[in-house]
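Colleague: Chains as they are written, first to last, in UniProt numbering: chain A, 1 to 220; chain B, 1 to 220; chain C, 1 to 220; chain D, 1 to 220; chain E, 1 to 220; chain F, 1 to 220.
These are calculated hints, taken from the structure and not from any lab test. Since this is a predicted model, take the numbers as computed values, not measurements. Certain hints may be false.
[Unchecked claim] If you want a taste of the chain D side facing chain C, the calculated C-beta under 8 angstroms gives, among others:
{"id": "1", "residue": "61"}
{"id": "2", "residue": "71"}
{"id": "3", "residue": "74"}
{"id": "4", "residue": "83"}
{"id": "5", "residue": "84"}
{"id": "6", "residue": "85"}
{"id": "7", "residue": "88"}
{"id": "8", "residue": "89"}
{"id": "9", "residue": "94"}
{"id": "10", "residue": "122"}
{"id": "11", "residue": "125"}
[To be verified] Capping the alpha-carbon separation at 25 angstroms, the derived lysine-lysine pairs in DSS-like fashion look like this:
{"id": "12", "chain 1": "B", "residue 1": "198", "chain 2": "A", "residue 2": "123"}
{"id": "13", "chain 1": "D", "residue 1": "164", "chain 2": "E", "residue 2": "205"}
{"id": "14", "chain 1": "B", "residue 1": "102", "chain 2": "C", "residue 2": "66"}
{"id": "15", "chain 1": "A", "residue 1": "102", "chain 2": "B", "residue 2": "123"}
{"id": "16", "chain 1": "F", "residue 1": "198", "chain 2": "E", "residue 2": "66"}
{"id": "17", "chain 1": "A", "residue 1": "123", "chain 2": "A", "residue 2": "102"}
{"id": "18", "chain 1": "F", "residue 1": "163", "chain 2": "A", "residue 2": "163"}
{"id": "19", "chain 1": "D", "residue 1": "198", "chain 2": "C", "residue 2": "66"}
{"id": "20", "chain 1": "A", "residue 1": "198", "chain 2": "A", "residue 2": "163"}
{"id": "21", "chain 1": "E", "residue 1": "164", "chain 2": "E", "residue 2": "102"}
{"id": "22", "chain 1": "D", "residue 1": "102", "chain 2": "E", "residue 2": "164"}
[Claimed, not checked] Using C-beta positions, here's what the derived DEER-type ranges look like:
{"id": "23", "chain 1": "A", "residue 1": "56", "chain 2": "B", "residue 2": "103", "range": "50 to 58 angstroms"}
{"id": "24", "chain 1": "E", "residue 1": "206", "chain 2": "C", "residue 2": "104", "range": "34 to 42 angstroms"}
{"id": "25", "chain 1": "B", "residue 1": "209", "chain 2": "D", "residue 2": "164", "range": "32 to 40 angstroms"}
{"id": "26", "chain 1": "A", "residue 1": "143", "chain 2": "B", "residue 2": "140", "range": "27 to 35 angstroms"}
{"id": "27", "chain 1": "F", "residue 1": "73", "chain 2": "E", "residue 2": "54", "range": "17 to 25 angstroms"}
{"id": "28", "chain 1": "D", "residue 1": "64", "chain 2": "C", "residue 2": "70", "range": "45 to 53 angstroms"}
{"id": "29", "chain 1": "F", "residue 1": "134", "chain 2": "C", "residue 2": "64", "range": "45 to 53 angstroms"}
{"id": "30", "chain 1": "F", "residue 1": "53", "chain 2": "C", "residue 2": "216", "range": "57 to 65 angstroms"}
Here a beta-carbon is modelled for each residue, glycine too, at the ideal position from N, C-alpha and C.
There are 6 protein chains.
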Amino acid sequence: MSSNITILLVIFALLCDVMASDPDPIQDYCIPNPKFGAIRTPLHTILPCKNSSEATTDDFIFSGMKVAGNFSDMGIAAISVNPTVFPGINTLGMSFVRADLKVGGINPPHFHPRATEISHVVKGSVYSGFVDSTNRVFARVIEQGEVMVFPRGLVHFQMNVGKKPATIFGSFNSQNPGSQRIPSAIFGSGINDELLEKAFGLSPKQIGTMRRRFDPKSMS
Amino acid sequence: MSSNITILLVIFALLCDVMASDPDPIQDYCIPNPKFGAIRTPLHTILPCKNSSEATTDDFIFSGMKVAGNFSDMGIAAISVNPTVFPGINTLGMSFVRADLKVGGINPPHFHPRATEISHVVKGSVYSGFVDSTNRVFARVIEQGEVMVFPRGLVHFQMNVGKKPATIFGSFNSQNPGSQRIPSAIFGSGINDELLEKAFGLSPKQIGTMRRRFDPKSMS
Amino acid sequence: MSSNITILLVIFALLCDVMASDPDPIQDYCIPNPKFGAIRTPLHTILPCKNSSEATTDDFIFSGMKVAGNFSDMGIAAISVNPTVFPGINTLGMSFVRADLKVGGINPPHFHPRATEISHVVKGSVYSGFVDSTNRVFARVIEQGEVMVFPRGLVHFQMNVGKKPATIFGSFNSQNPGSQRIPSAIFGSGINDELLEKAFGLSPKQIGTMRRRFDPKSMS
Amino acid sequence: MSSNITILLVIFALLCDVMASDPDPIQDYCIPNPKFGAIRTPLHTILPCKNSSEATTDDFIFSGMKVAGNFSDMGIAAISVNPTVFPGINTLGMSFVRADLKVGGINPPHFHPRATEISHVVKGSVYSGFVDSTNRVFARVIEQGEVMVFPRGLVHFQMNVGKKPATIFGSFNSQNPGSQRIPSAIFGSGINDELLEKAFGLSPKQIGTMRRRFDPKSMS
Amino acid sequence: MSSNITILLVIFALLCDVMASDPDPIQDYCIPNPKFGAIRTPLHTILPCKNSSEATTDDFIFSGMKVAGNFSDMGIAAISVNPTVFPGINTLGMSFVRADLKVGGINPPHFHPRATEISHVVKGSVYSGFVDSTNRVFARVIEQGEVMVFPRGLVHFQMNVGKKPATIFGSFNSQNPGSQRIPSAIFGSGINDELLEKAFGLSPKQIGTMRRRFDPKSMS
Amino acid sequence: MSSNITILLVIFALLCDVMASDPDPIQDYCIPNPKFGAIRTPLHTILPCKNSSEATTDDFIFSGMKVAGNFSDMGIAAISVNPTVFPGINTLGMSFVRADLKVGGINPPHFHPRATEISHVVKGSVYSGFVDSTNRVFARVIEQGEVMVFPRGLVHFQMNVGKKPATIFGSFNSQNPGSQRIPSAIFGSGINDELLEKAFGLSPKQIGTMRRRFDPKSMS
């Protein structure tokens, strides 16, 4: 019997990955079933889909971002909403994020490998921008009610330059846009020292300082 | 020379249509050029693209929805933001809308043939819902800060059931989602009377009443 | 053992949904296996895929629409052919329908959220048309051997205006185009009465009449 | 002025090619404009698009295949319907073909590089089949009212084995599926003789015979 | 218990097929798990996916084509690299092949139904070409360091015309491009004799000879 | 007449951008026409498409990377091959690059927003790797004949750690994958100083040093 369980775990692992694409949907929706959601394996937590007749209105409504999330050292609190926390968007090709910035808080340079972002300033004054493939920066302060677009896969960033907290609502055209935050992706991931020294023109000592700063073990 | 102009108009007409798809982009962005935007023809107003070195930060920022638009008889004011008014999103596969609803105002049943919608209630209490392919309705009142998803191509609707005006920010995973508003698409478009009578079980007189109500000539 | 069965049901539920997309295929074909097809669960009937070496010629041929299906009150008999009944088209991005119309029979206004339709009149005279996003109707009678296209996601309709039964063959560029029939989606789904009254300009009594007419419990 | 014309021709040539893709549409439809259709250049005949307000019902209806086309030596008459002859399907991701086969007539082995085909036998008895990537053939005789699917990019073929003419309606999930007919693509295209001898195990003389048989200059 | 196993096998069969598409990825990667890889069934060998935290560097590196593979009678040795042998490319939309050709060796006319090929001559002189939809051949000898492109779905071929062995590296924009080799697909698959005689203008005896030459039972 | 020219330039600018997508092709190929290629405008150099009957074999063969390109200060010489230099790949969804690395030369951390890369080491020993969305690095030295895959949109890097020059052939599943080189995108693009100080934990002086180092005006 235990080998059978093992095989099932394998299936679960596979299924999770199979759900990893943003093609045109071929059904109305596909809601992962929270009842079965507590199936924990050494590898994955699985959220199988509901039968459509068991779908409820609440499956299509997300109520978990009425207030700001927890703030990091950078002064940013981000609530990323993907199918894991909002079942109703599964397979529909969209997701979103609420980001709150303390006064002076930043959203460091990062990019989303799989989506364009529409960034709507719900409250506050936010220096916002992105860099294109020719290393040109497009950035300025935008105010409440304004919207900036960050084209797919390009590095972008934000900073609250107002005198009050800021709130941003960002939406994506992928259910899992992914994210690479440059400082930690570069200096906190373990890329070869010599290569980083040459790439950034930094001394071994400087690279060491950067490494310690972005060491994932020392970060929350 | 005039035949030459004619040919150019033909080209313009074609170009407009050629821009009508949401594939993966193969460049960072493509901003229609507002300088040349005033090229009006009998057929089209054309907005050719800028050279990327002439793109400016403002091309990627939309400031035209800080306040509500003009309200219709239904008590709704919608500002649809597509590449015509926000050049920076051209070819990036997304667009968005600001909708304000007076107390009791409605967004009548409609659907977007080419996009899923993420609907974020920025202010107010809004009865929101959609109907799936099996004619089940998923609807309830959602409050400020809540989000509802309307799967691609399914009929949905909204009504301000609160005591104050409501504001909604909707985003789409197409640069041109399209929209068919059911009452006017069915009764204001000129579909054969007999067919409508049979489809809805209405008398010729009742159909006539509906026709006059949704006659496009008598609507703003 | 029973918990094991439960887990399997979960897997089945998930698998069904995972098959819900129309991307480019990455294999020749994928035929659901009718041998295992009788696996009925409380949630789904599952048709797992055959090994390609077990595929047979008959898997790629559909013989179930040589004659008309059962007629509804509207005078239409539709046989929708999707991967559930025709395994061979699974993952190939197409499906089709045979619709027969009695004299005077109608196919009421409806749309397919996920496909364009090519409608080929095999027999008879059929008033056919669709409505575009600007509420213009494109409709006229077409005869045997003529073809009309209904663009993706737009409302369309048909009525047999000839003196003999009519037969139509419609093909779709999705294996599951979906369908929303306007009268029942709007009046038979349970959308809030007040919203419908405002949207259509009907009295509460009139809405009540429409509701009873399209009550799913009283329909076949 | 003549250099200006040259530039326009260049534009036309480019535009034709730009229309060469099957992505999701981002508008309702895009009808090439037959009024301007007579623009003939040394390179192309251009059919620019209509303004949507000038589209007519007839643009969406194809009436040119009520009767069979002209028969070739192989006993087949095919009418391929693409946006050039049926403007309304432009950008909608579908096209179709009517093929008539004389008694004993064949549709030689061929494949469509860019589409799956749904083949509906409207009349007659047709031996139909395809070959998969492992060189297995799936073929048998299908009768009036039956449908066979030919998966995208796989070699398929048909032969009228009945005692009466046969008519087939094939639909594709691309507006331009393309076609390579094996005998002429291999022996009528000018592939190096030595390579063909080795590939098929034929003598130089036999290859010469095949070449003459499928020489494009001697074929209609 | 044994029926349970049967059901699991069915699931495995389905899972394999579910992985058969090249949409945009919605995760960084999805590596089939070699630990569980030895799950052999009567139908399939299954390679479930790893948890991303268990992915290793070696999963993303392929070392199995440092030397040529085994040569066939045609003088070609091809190592096709797809997710089965190189787990790291699973879901990423690419795959590749190393082909070595003896002096005079050929890669017979074939096509890939689901991919364009970029063919890079790493060593040697190779006559290379393809045929387009109008039966035009594009072919000539290319040398070390040159690259030829074979558009998706079009018949192409290669022959080593140099005095030394040749090595080619081909890459594809699908994780499973598929392949149909014309001689064996046509003459070794069991297509009806009469149809082949008519299609190629060959006698029954000649067809018989071709059949025996490409009989899959007599080939390795 | 001059205003006419202006309009044409506008058209050219638009056309360039219209070619910016990687959907499924709907024709065999589309070769920009080098004859007209010398049309230089203040904005663009335009390469309109050839009529398919004018395509030549050479259009589909690239001969410009038989030897290494020019080396930068980092010890890398990259020849990026896209439709501008290799017309034949236009619209086919692939492109490629030859990169040569001096002993100790590096390809600094960068990513391609629109493509996965298959990286084939043709010669030498190359430390190669990428970072995933969780900041894990996957890297080691790979040798001649080995292949590494860099998933779409993820930061990757290379360094020649051998004792001889190295040559790499990289292929992409987009005709224009784009590239952002981290050091210059971050420090050479003009992102706000305060934001960079906070993001990287650097002093204003250190940021100033980095800026000067990656100032685009001082780089080749």
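Colleague: Next step is simple, just say for each hint if it's right about the structure.
Modeller: Against the structure, the hints:
1. 61: holds, 5 angstroms
2. 71: Because about 18 angstroms separates residue 71 (chain D) from the closest Cβ in chain C, which is outside the 8 angstroms limit, the hint is violated.
3. 74: violated, 23 angstroms
4. 83: Where the cut-off is 8 angstroms and the nearest Cβ of chain C is about 11 angstroms from residue 83 (chain D), the hint is violated.
5. 84: violated, 15 angstroms
6. 85: For residue 85 (chain D), the interface hint is violated, since the closest Cβ of chain C sits about 11 angstroms away, which is over 8 angstroms.
7. 88: Interface hint status for residue 88 (chain D): holds (5 angstroms vs cutoff 8 angstroms).
8. 89: Because about 5 angstroms separates residue 89 (chain D) from the closest Cβ in chain C, which is inside the 8 angstroms limit, the hint holds.
9. 94: At about 5 angstroms, which falls below the 8 angstroms cut-off, the nearest Cβ of chain C leaves the hint on residue 94 (chain D) intact, so it holds.
10. 122: Since chain C brings a Cβ to about 6 angstroms from residue 122 (chain D), closer than 8 angstroms, the hint holds.
11. 125: Violated: closest Cβ of chain C sits about 13 angstroms from residue 125 (chain D), beyond 8 angstroms.
12. B:198 <-> A:123: violated, 51 angstroms
13. D:164 <-> E:205: Cα-Cα ~29 angstroms, so violated.
14. B:102 <-> C:66: violated, 55 angstroms
15. A:102 <-> B:123: holds, 22 angstroms
16. F:198 <-> E:66: violated, 47 angstroms
17. A:123 <-> A:102: holds, 12 angstroms
18. F:163 <-> A:163: violated, 57 angstroms
19. D:198 <-> C:66: Violated, at about 47 angstroms.
20. A:198 <-> A:163: The hint is violated at about 40 angstroms.
21. E:164 <-> E:102: holds, 7 angstroms
22. D:102 <-> E:164: violated, 52 angstroms
23. A:56 <-> B:103: 50 to 58 angstroms: Given range 50 to 58 angstroms: violated, Cβ gap about 28 angstroms.
24. E:206 <-> C:104: 34 to 42 angstroms: Cβ of residue 206 (chain E) to Cβ of residue 104 (chain C): about 59 angstroms, so the range 34 to 42 angstroms is violated.
25. B:209 <-> D:164: 32 to 40 angstroms: violated, 54 angstroms
26. A:143 <-> B:140: 27 to 35 angstroms: Holds: the Cβ-Cβ distance is about 33 angstroms, inside 27 to 35 angstroms.
27. F:73 <-> E:54: 17 to 25 angstroms: Distance hint for residue 73 (chain F), residue 54 (chain E) is violated at roughly 39 angstroms.
28. D:64 <-> C:70: 45 to 53 angstroms: Violated: the Cβ-Cβ distance is about 34 angstroms, outside 45 to 53 angstroms.
29. F:134 <-> C:64: 45 to 53 angstroms: holds, 50 angstroms
30. F:53 <-> C:216: 57 to 65 angstroms: holds, 59 angstroms
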